[in-house]
Each structure stands twice: as structure tokens, then as C-alpha cells.
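K.L.:
Chain residues, written in single-letter form:
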Amino acid sequence: NAGVTQTPKFRILKIGQSMTLQCTQDMNHNYMYWYRQDPGMGLKLIYYSVGAGITDKGEVPNGYNVSRSTTEDFPLRLELAAPSQTSVYFCASSSRQGGETQYFGPGTRLLVL
Amino acid sequence: KNQVEQSPQSLIILEGKNCTLQCNYTVSPFSNLRWYKQDTGRGPVSLTIMTFSENTKSNGRYTATLDADTKQSSLHITASQLSDSASYICVVSARSNTGKLIFGQGTTLQVKP
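As you go down the protein sequences, you meet chains A and B in turn. Numbered by the working numbering, the letters in the first sequence go through residues 1 to 113 in order. Numbered by the working numbering, the letters in the second sequence go through residues 1 to 113 in order.
Hints listed in this document are in silico derivations from the structure and should not be mistaken for laboratory results. Please note that a few of the clues may not be correct.
Unchecked claim - List time: in silico SDA-like cross-link candidates among lysine to any residue, alpha-carbon distance up to 25 Å: (1) K100/B to I15/A; (2) K1/B to S49/A; (3) K17/B to T40/B.
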């Protein structure tokens, strides 16, 4: 199993550009999550999904969109990139919420200039 | 407000020494507490998970303790190794329909030879 994979590893965007961060898991987990991690700060939940076709907002959803058409994939879309979105983005998955361990991908480092 | 505070923010120790990291939380109602290890440039990896009724849990040289009355946890690392250099994140789950996680800001540990 590859676990949770994310692409790209690093990207530079200009203000106003858009992009999609890809996330795929091969563990057949129902629950998937997107977090951002700013320097010296804890991870903050952007969006999460409890299964294909079901998504919900987390703590910091503004400026982002997600979709979940399959169990395996959970892409994160940035429509109009802003410097405040410069961060490291982590995708995670778990088989249950709450008491179940979340497995994290390696992260995507995004720089918006 | 649900919060997780970790101390110290950073720590430098010599190889072979022991150290203890602290985590205080105000999350309610409490479900479980996890400690994650995050190597530089990688996603977090789970070390331990403890529920309300558990006081201690070990994973090799890592021992986590939980005092649910005082809402404090600690992570003790014994006989530190250079590979222990990483950020250690305390994560608390609230008992709710969504089971969302609240992340501490992490303690950065550097082990020097």
C-alpha cells in the first residue's frame, strides 16, 4: 500500500491563479481530510469528507473547494490564490472518525507570490 | 474554546538523554489524545493514542501519560537518538458527531550528538 499520496510536492503560484492539489489513498478509508500548516502553528482543518459525494467545511474553508467523487480521491481546489494561502497542505485519511488514527500524506508546499 | 497548548516550543538535548514534552488542553467533552511525530518535510505519524480511562501508553522509547482530571498529557522520550529530532504534536479529539481533531502547535526537538 502506498498509503496517502499527494501531488505536487511543491508549487509556486501567482496571485489570482488557480490550482488543484491532488490527494489519493489506497486504504479504502471512508474519511478524508485537508489541513494546512502555517509555520509555528498547529494544523488547521480546511475541509473533510465522510464518504464519496459528502463533504463539509472545517475550521478555515474560505478560498478553497473540494469534491469527493470516489473513495480514493479528495482533491482540493484553490480558485483565486492569495498570499495568505502560502502554507503546507496535508491530506489525511482514516477508517473512522474520532478514535481512529489519521494517516497523513507527505504534504504539498505552496507559495503564492 | 477548545485549545491545545504545548510546551516547550523547542528543545535541544544531547543524544542518549531523556526528555519530557508537555501538553495542556481545554477540549470538552474529551474523547482521546494522540501524540504525533512529524519529521521535517513529512506528514505527521501517530505515536500513541489514549482514551479517557488510560493513564499511560508506551511505544518503544516513547511513553505518553494522561491526567484527564487536570487535562494534561506528557510525552517522555528515553535514551534519545538523533532520529528523534522532529516536531512532536499533541492532538485532542472532542467527542462529537464529527470527531474533529484539535492540534497543538508542536514542540520541536533537536537531538545533538
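K.L.:
Determine for every hint whether it applies to the structure shown.
P.N.:
Hint by hint, here is what the structure shows:
1. Taking the CA atoms of K100/B and I15/A, the gap is near 31 Å; set against the 25 Å cutoff, the hint is violated.
2. Distance restraint check for K1/B and S49/A: the Cα-Cα separation of roughly 24 Å lies within the 25 Å cut-off, and the hinted pair is therefore satisfied.
3. Taking the CA atoms of K17/B and T40/B, the gap is about 21 Å. The hint holds against a cut of 25 Å.
Of the numbered hints stated above, the single one contradicted by the structure is hint 1.
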